[in-house]
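2 protein chains.
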Amino acid sequence: MGEFELDARLARDSELITVLGLCQLRLLNDSRWPWVMLVPQRAGISEIFELTPLDQALLTFETNTVAAALKKVTGAKKINIGALGNVVSQLHMHVIARFEGDPNWPGPIWGFGQAVPYASSQKQDFVKALVENL
Amino acid sequence: MGEFELDARLARDSELITVLGLCQLRLLNDSRWPWVMLVPQRAGISEIFELTPLDQALLTFETNTVAAALKKVTGAKKINIGALGNVVSQLHMHVIARFEGDPNWPGPIWGFGQAVPYASSQKQDFVKALVENL
Numbered sequence: 316m317g318e319f320e321l322d323a324r325l326a327r328d329s330e331l332i333t334v335l336g337l338c339q340l341r342l343l344n345d346s347r348w349p350w351v352m353l354v355p356q357r358a359g360i361s362e363i364f365e366l367t368p369l370d371q372a373l374l375t376f377e378t379n380t381v382a383a384a385l386k387k388v389t390g391a392k393k394i395n396i397g398a399l400g401n402v403v404s405q406l407h408m409h410v411i412a413r414f415e416g417d418p419n420w421p422g423p424i425w426g427f428g429q430a431v432p433y434a435s436s437q438k439q440d441f442v443k444a445l446v447e448n449l
Numbered sequence: 316m317g318e319f320e321l322d323a324r325l326a327r328d329s330e331l332i333t334v335l336g337l338c339q340l341r342l343l344n345d346s347r348w349p350w351v352m353l354v355p356q357r358a359g360i361s362e363i364f365e366l367t368p369l370d371q372a373l374l375t376f377e378t379n380t381v382a383a384a385l386k387k388v389t390g391a392k393k394i395n396i397g398a399l400g401n402v403v404s405q406l407h408m409h410v411i412a413r414f415e416g417d418p419n420w421p422g423p424i425w426g427f428g429q430a431v432p433y434a435s436s437q438k439q440d441f442v443k444a445l446v447e448n449l
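Protein chains in written order, with the working numbering: chain A, 316 to 449; chain B, 316 to 449.
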């Protein structure tokens, strides 16, 4: 399998928040909806079922921990979780906080419009609050 | 919490394939992409992290088993997995087989166009093959 190396497009589109047990937790720079991504640090994996059973359990635990923290920190109406990977095949799990009236509610966020970058202080405040609640 | 009762909209939009340990496995009647759904038979749950840790592990196991079978049976390029629930809040996990050149590749399937119902024999063949591979 070789060593894990983050896909170049994921690296470009997101920034590292912290490393969990299995996954990198990364922030998407899109203030339309609080949006993070978990990337298991395993080489050559594009589907969840390709992970070992232990890694599948870790991914579940880490994803749900992040999802619960995201809900608490943002007060979101609904958390959306998805592993699509049609464009970037390296396995990555999206976790997004959704609100009634957000720019594409109740539709999906993927493929919708253009990202709206965070103001710097807004981004720092969000990341700090999220990490404190993990 | 009361007893589990399937949401009326989920019941209308899908049909039961089989019951797994935790979840109902249900077919969406949309031949544009092989699309099934797992619904944990637990009352009052809208987020994965609201399930007990054991149920979270079961959901993961069942979802990944279905995803692997769906990939094998369809030869899909990519399996998409998602728990959105912006419209129907009862927790349900989508598992979809995607192909290059399908009607919204590489975009998401949610909210895209109108379902194209299966021909009856096509539906039976797909369900049979899927169940045999679980």
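Hints listed in this document are in silico derivations from the structure and should not be mistaken for laboratory results. Just so you know, not all the hints are guaranteed correct.
[What the hints assert, rightly or not] Label pairs and their calculated CB-CB ranges:
#  : chain 1 : residue 1 : chain 2 : residue 2 : range
1  : B       : Val402    : A       : Ser346    : 38 to 48 Å
2  : A       : Arg324    : B       : Asp322    : 13 to 23 Å
3  : B       : Arg327    : A       : Glu415    : 16 to 26 Å
4  : A       : Glu415    : B       : Phe414    : 47 to 57 Å
5  : B       : Arg324    : A       : Glu318    : 43 to 53 Å
6  : A       : Asn448    : B       : Gln429    : 22 to 32 Å
7  : B       : Val334    : A       : Phe414    : 27 to 37 Å
8  : A       : Asn344    : B       : Gly317    : 21 to 31 Å
9  : A       : Ser436    : B       : Ala444    : 33 to 43 Å
10 : A       : Val403    : B       : Asp322    : 29 to 39 Å
11 : A       : Pro368    : B       : Arg324    : 47 to 57 Å
Bear in mind that the values here come from a model prediction, so they are computed numbers and not experimental data. Beta carbons are placed, not taken as given, at the ideal position from N, Cα and C, and that holds for glycine.
Here is how each hint holds up against the structure:
1. Separated by about 24 Å at the C-beta atoms, Val402/B and Ser346/A break the suggested range of 38 to 48 Å.
2. Hint check: Arg324/A to Asp322/B, Cβ distance near 36 Å, so the stated range 13 to 23 Å is violated.
3. For the pair Arg327/B and Glu415/A, the beta carbons lie near 23 Å from each other, so the given range of 16 to 26 Å is met.
4. Remark: the range hint 47 to 57 Å for Glu415/A to Phe414/B is contradicted by a beta-carbon distance near 33 Å.
5. A beta carbon spacing of about 46 Å between Arg324/B and Glu318/A agrees with the range 43 to 53 Å that was offered as a hint.
6. A hinted range of 22 to 32 Å for the beta carbons of Asn448/A and Gln429/B is inconsistent with their spacing of about 40 Å.
7. The given range of 27 to 37 Å is respected by Val334/B and Phe414/A, whose C-beta atoms sit roughly 34 Å from each other.
8. One distance hint, 21 to 31 Å for the beta-carbon pair Asn344/A and Gly317/B, is violated here, with the actual separation near 42 Å.
9. In this structure, Ser436/A and Ala444/B break the distance hint of 33 to 43 Å, their C-beta atoms being roughly 54 Å apart.
10. Between Val403/A and Asp322/B the beta carbon distance is about 33 Å. The supplied range of 29 to 39 Å therefore holds.
11. For Pro368/A and Arg324/B, the Cβ-Cβ distance of about 34 Å falls outside the hinted range of 47 to 57 Å, so the restraint is violated.
In this structure, the hints that do not hold are numbers 1, 2, 4, 6, 8, 9 and 11, in rising order.
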